[in-house]
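Asks: Listed below are the residues making up each chain.
Number of protein chains: 2
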Amino acid sequence: MIELIAKLPGLGPRSARRVALHLLKRKDGLLVPLAEALGEAAAKITQCNTCGNFDTVQPCAVCAAPNRDETTLCVVEDVPDLWALERAGAFRGRYHVLGGVLSALDGVGPEDLSIAKLVSRVTGGPFSEVILALNATVDGQTTAHYIAEQLEPAGVTVTRLAHGVPVGGELDHLDDGTLATALRARR
Amino acid sequence: MIELIAKLPGLGPRSARRVALHLLKRKDGLLVPLAEALGEAAAKITQCNTCGNFDTVQPCAVCAAPNRDETTLCVVEDVPDLWALERAGAFRGRYHVLGGVLSALDGVGPEDLSIAKLVSRVTGGPFSEVILALNATVDGQTTAHYIAEQLEPAGVTVTRLAHGVPVGGELDHLDDGTLATALRARR
Numbered sequence: 172m173i174e175l176i177a178k179l180p181g182l183g184p185r186s187a188r189r190v191a192l193h194l195l196k197r198k199d200g201l202l203v204p205l206a207e208a209l210g211e212a213a214a215k216i217t218q219c220n221t222c223g224n225f226d227t228v229q230p231c232a233v234c235a236a237p238n239r240d241e242t243t244l245c246v247v248e249d250v251p252d253l254w255a256l257e258r259a260g261a262f263r264g265r266y267h268v269l270g271g272v273l274s275a276l277d278g279v280g281p282e283d284l285s286i287a288k289l290v291s292r293v294t295g296g297p298f299s300e301v302i303l304a305l306n307a308t309v310d311g312q313t314t315a316h317y318i319a320e321q322l323e324p325a326g327v328t329v330t331r332l333a334h335g336v337p338v339g340g341e342l343d344h345l346d347d348g349t350l351a352t353a354l355r356a357r358r
Numbered sequence: 172m173i174e175l176i177a178k179l180p181g182l183g184p185r186s187a188r189r190v191a192l193h194l195l196k197r198k199d200g201l202l203v204p205l206a207e208a209l210g211e212a213a214a215k216i217t218q219c220n221t222c223g224n225f226d227t228v229q230p231c232a233v234c235a236a237p238n239r240d241e242t243t244l245c246v247v248e249d250v251p252d253l254w255a256l257e258r259a260g261a262f263r264g265r266y267h268v269l270g271g272v273l274s275a276l277d278g279v280g281p282e283d284l285s286i287a288k289l290v291s292r293v294t295g296g297p298f299s300e301v302i303l304a305l306n307a308t309v310d311g312q313t314t315a316h317y318i319a320e321q322l323e324p325a326g327v328t329v330t331r332l333a334h335g336v337p338v339g340g341e342l343d344h345l346d347d348g349t350l351a352t353a354l355r356a357r358r
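Sequence lines, in order, name chains A and B.
The numbering used here numbers the first residue of the first sequence as 172 and each following residue consecutively.
The numbering used here numbers the first residue of the second sequence as 172 and each following residue consecutively.
Just chain A, same shape as in the assembly:
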């Protein structure tokens, strides 16, 4: 149990022992519910075939929601960015999760990301605007530029989040207000 806990991000062998002891001391209040929650997550949560979000239903609740704007598609790097935008509550369209950004250094090419799927989803789809809500990092902006080029034949309006996202910062670390402002002032 400790070895597995030590594999979680941000935890080492010592903090894993601390967590394990904390769990063993709170068996009914924490250990059993957590074991059940993890088991349930493993059994029920899958990646949405449409957008790449995690949910217990297929397609995910965001894709299945009938009252969302069908003409706007928001492209995000990863699922926490989607969660951050949903928490901000400023976007009511659909999402597309890339699963990362292009990175020559890490050997991540267009074929490693969900870019071809994005292009086919947009081409002939109901979308009139694609918002590239990628992190304001070098890799994020390179990816945004590449995707904008790929989407050119589809004839949709391609926008980016407004300046307001601090340069070098990551989407998941922003407060909801900044995120909402950046979304409204997109250009």
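Just so you know, these hints were derived from the structure itself, not from any lab.
The structure presented is a predicted model; accordingly, all values stated were derived computationally and were not measured.
Mixed in with the good hints, there may be bad ones.
It does not matter which identical chain is meant; a pair holds if it fits inside one copy or across any two.
Claimed, not checked - Straight-line distance between alpha carbons at most 25 Å, and here's what the computed DMTMM-like set of lysine to aspartate or glutamate pairs gives:
(1) K288 / E257
(2) K178 / E207
(3) K288 / D226
(4) K196 / D249
(5) K178 / D226
(6) K196 / E174
(7) K288 / E320
(8) K178 / D347
(9) K198 / E211
(10) K198 / E257
(11) K198 / E174
(12) K196 / D283
(13) K215 / D199
(14) K196 / E211
(15) K196 / E207
(16) K196 / E257
(17) K288 / E323
(18) K288 / D249
(19) K198 / D226
(20) K178 / E211
Position chain B against the provided structure of chain A, taking the given hints into account.
Replies: What follows is chain B alone, placed relative to chain A:
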């Protein structure tokens, strides 16, 4: 799942989301094994009735081991301290876990700790020496002093870990070498 993860020591809402995503992306490699390990721990691990250690067997493996010194009892504050001493491999006797230290500030009195049980275990038991391996904090040393007094009628030798444990430091944070030296040079 995220709410429960956020209750673990050292984790907040943001790191809990990060851990949850990490788990969902490694379903077969980490999420399923971890869920099973936690479930198994909840079902099988109990606190030893003799010493207070956590184990899948009753009494625990340390209490049940036939080749350990029956005449020396080592009193520790909590289970991680027992684990630290076992990792150091310098002690081959039995253990007694107090479950904390006396603290006027936190309202922890002798009745909240496993002290009465320790006294009855030592009185008329096979032990000739009791080692008080408590943290070198004010509360730890106060507790050691109190226990030494309580054990006086039992007529056993009561020792403490040698200086070598840095004053103000905690047992679980020491390297194995320092811990072994401190144990050997007990006075």
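Asks: Under a CA distance limit of 25 Å, which applies to K288 and E320: within one copy, between copies, both, or neither?
Replies: within (15 Å within a copy, 74 Å between copies)
Asks: How would you label the pair K215, D199 (within, between, both, or neither) given a Cα cut-off of 25 Å?
Replies: Cα proximity of K215 and D199: in one copy and across copies (23 Å, 13 Å).
Asks: If the cutoff is 25 Å on CA atoms, where do K196 and E174 land: within, between, both or neither? Let me know, please.
Replies: Answer is both: 18 Å inside a copy and 18 Å across each meet the 25 Å cutoff.
Asks: For K196 and E211, with the copy left unspecified, which applies at a CA distance of at most 25 Å: within, between, both, or neither?
Replies: both (23 Å within a copy, 15 Å between copies)
Asks: Indicate which option fits the pair K198, E211 if close means a Cα-Cα distance not exceeding 25 Å: within, between, both or neither.
Replies: Classified as both: same-chain Cα gap 18 Å, cross-chain 12 Å, threshold 25 Å.
Asks: How would you label the pair K196, D249 (within, between, both, or neither) given a Cα cut-off of 25 Å?
Replies: Answer is between: at 11 Å across copies they meet the 25 Å cutoff, but 35 Å inside does not.
Asks: At most 25 Å between alpha carbons: which applies to K196 and E207, within, between, both or neither?
Replies: Classified as both; 17 Å inside a copy, 18 Å across copies.
Asks: Reference check for the pair K288 and D249, CA-CA at most 25 Å: within, between, both, or neither?
Replies: So K288 and D249 pass the 25 Å test inside one copy only (15 Å; across, 54 Å).
Asks: At most 25 Å between alpha carbons: which applies to K198 and E257, within, between, both or neither?
Replies: between (33 Å within a copy, 24 Å between copies)
Asks: Are the CA atoms of K288 and E257 at most 25 Å apart within a copy, between copies, both, or neither?
Replies: Answer is within: at 22 Å inside a copy they meet the 25 Å cutoff, but 54 Å across does not.
Asks: With identical chains, the pair K288 and D226 could be close in the same copy or across copies; at 25 Å between alpha carbons, which is it: within, between, both, or neither?
Replies: within (19 Å within a copy, 50 Å between copies)
Asks: When no copy is specified for K178 and E211, does a C-alpha distance of 25 Å or less occur within a copy, between copies, both, or neither?
Replies: Classified as both; 20 Å inside a copy, 18 Å across copies.
Comparing the model with each numbered hint stated earlier shows that all of them hold.
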